[in-house]
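Protein chains: 2
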Amino acid sequence: MLTEFELIKHCFNWPQNNETIICAVGDDASIVEVPRGYQLVQSIDTQVADIHFPATAPAQLIAQRALRCAISDLAAMGAKPQAFHLALSLPKNTSQAWLESFSLGLRACAEEFNISLIGGDTTSSPALVVTLQVQGLVSAGKALTRDKAQVGDDIWLSGEIGRSAAALEGVLASPETFVEKDSGLASDYFYPQAQINLGQKLVGLAHSALDISDGLLQDASHIAKASNVCLNFSAAHIPTSELAVALCGQAEALQLALTGGDDYQLLFTAPQQAHNELKDLNCYHVGQVEERKAHSEWVLLDGQTVSHKSMGYQHF
Amino acid sequence: MLTEFELIKHCFNWPQNNETIICAVGDDASIVEVPRGYQLVQSIDTQVADIHFPATAPAQLIAQRALRCAISDLAAMGAKPQAFHLALSLPKNTSQAWLESFSLGLRACAEEFNISLIGGDTTSSPALVVTLQVQGLVSAGKALTRDKAQVGDDIWLSGEIGRSAAALEGVLASPETFVEKDSGLASDYFYPQAQINLGQKLVGLAHSALDISDGLLQDASHIAKASNVCLNFSAAHIPTSELAVALCGQAEALQLALTGGDDYQLLFTAPQQAHNELKDLNCYHVGQVEERKAHSEWVLLDGQTVSHKSMGYQHF
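Just so you know, the protein sequences line up as chains A and B, in that order. Going by UniProt numbering, the first sequence runs without a break in its numbering and finishes at 316. Going by UniProt numbering, the second sequence runs without a break in its numbering and finishes at 316.
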């Protein structure tokens, strides 16, 4: 049995090639540089076994899914991924093989997105808890935020939504099955497509953006409230997935698209002159930003109020 | 019952006064600036209920102790605290009152150390898990690391050690008791004195440093290995606490000082010409950095090998 220090060194100390990383894993703290003219965008994201993912899922899928979900917040800000920290709380009986598999999945995903593991903490815990703190660079003052949607903006989605939610039942039915990337709905659940490249292209094009983690309508209300506008969606234009429609039918697929949270597509608003450019980026125009009347709803569907229970995932 | 978003806003959205914080809690991610000529030092630290602290301890003590422990890593690098992220995993039955108490303790400590809460994630979990990602600024290239101890350096401690370990039995006997700061041994456990001011003063004075979290001898081996030297301690000069000696006797107090982990004092090495200045800073000269002979020990006590089980805390 390796000691804690040996185990961490063995699993989480792969070479990093990034000149802004001055010191990574192995000291009391990491040291990074932020190049002149840039700001550092950061987010922290926790996933708990059997709450955010099935505890018996393959460790490498758990790891890389957690990293994809976390860096989705960087995409939503228009940032280029730079580095991340891992806080991993493990049940006492965790095997070295599990940890090695987790490490493999994490590293493959980190290399895909060119993000460096620069620090971490491994602890014992009753439950498996994966916390990732991710960070990226954005030109100073250019980050995409939630508070700059303007009346008259088009509302856009970066891709089909509801796919991951449609996959959930199947994933939970056989959680321990290893899933290949691009192999159908289950792969939508395990490999959410963090919109890192699109996010950076939206800088200077979009007025506001976020990633959808708790459901389209609920997350839309965050932009609406921060910008003090109303987001009016067109149900007919919400891009559902053919696979989800085939599995659940059109009505349920739409419901999953409106309230399912795990696709990590971007929701953003942009002025009408950006329309053609956004179409060329394969985005979906799904509604309009309107003036909000006092005490009225933040989010509408075809101009109508949406029932509260249809809004999305509540964490408690 | 407040929704998740209302609860977070209520408890964790206090005003921040720091011009390097461009965007804090409330968007997909935070945005910070790193002033020209500085680097960002970062660390992540997890504490799990009934592993790192008693689950029934007062919430405000749990919160502020976790933050003190986390920023100790910034002290060890010589950094000035700037900002932190909180990932909080809570059992389902957590009350709003508990969360408000936690928030009070966290805020008081954050204000004491002038560090801004800039982001977080709150999740449900079988166990209470507190992860803090902390960050601070250091002049570029000046951070204190573990790998620059030199043969001939004096070894120093920033203060008495073993106090928190001596307090542990009493803390565990009545974990729910609220403890005031500076009220004896139990307060050493709940209010570890992160050496933030001293750490910054050591920049340019010390060659290497770390904070003691897993026990003096075990942590000393990290400096020894990173610098490829031997750290030889003088048992008679290890500063034990009078309170610990009174409680446990001299021999046990020394043992706790060598292996107890929770004081968060700094261990550092410095050239002999810094001796008077470090004495004036009330530091303790506790040994010498020596050449390490091939295949010999990394750490010695009065020139002798230390038995493996006396080395310190193993996390697994």
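Any given hint might turn out to be false.
Claimed, not checked - Derived BS3-like pairs: lysine-lysine, alpha-carbon spacing no greater than 27 Å straight-line:
#: 1; chain 1: A; residue 1: K9; chain 2: B; residue 2: K293
#: 2; chain 1: A; residue 1: K9; chain 2: B; residue 2: K225
#: 3; chain 1: A; residue 1: K293; chain 2: A; residue 2: K201
Hints listed in this document are in silico derivations from the structure and should not be mistaken for laboratory results. For clarity, every value in this text was computed on a predicted model and none was experimentally measured.
Evaluation of the provided hints:
{"no.": "1", "hint": "A/K9 - B/K293", "verdict": "24 Å, holds"}
{"no.": "2", "hint": "A/K9 - B/K225", "verdict": "13 Å, holds"}
{"no.": "3", "hint": "A/K293 - A/K201", "verdict": "33 Å, violated"}
When each numbered hint is compared with the structure, a violation occurs for hint 3 only.
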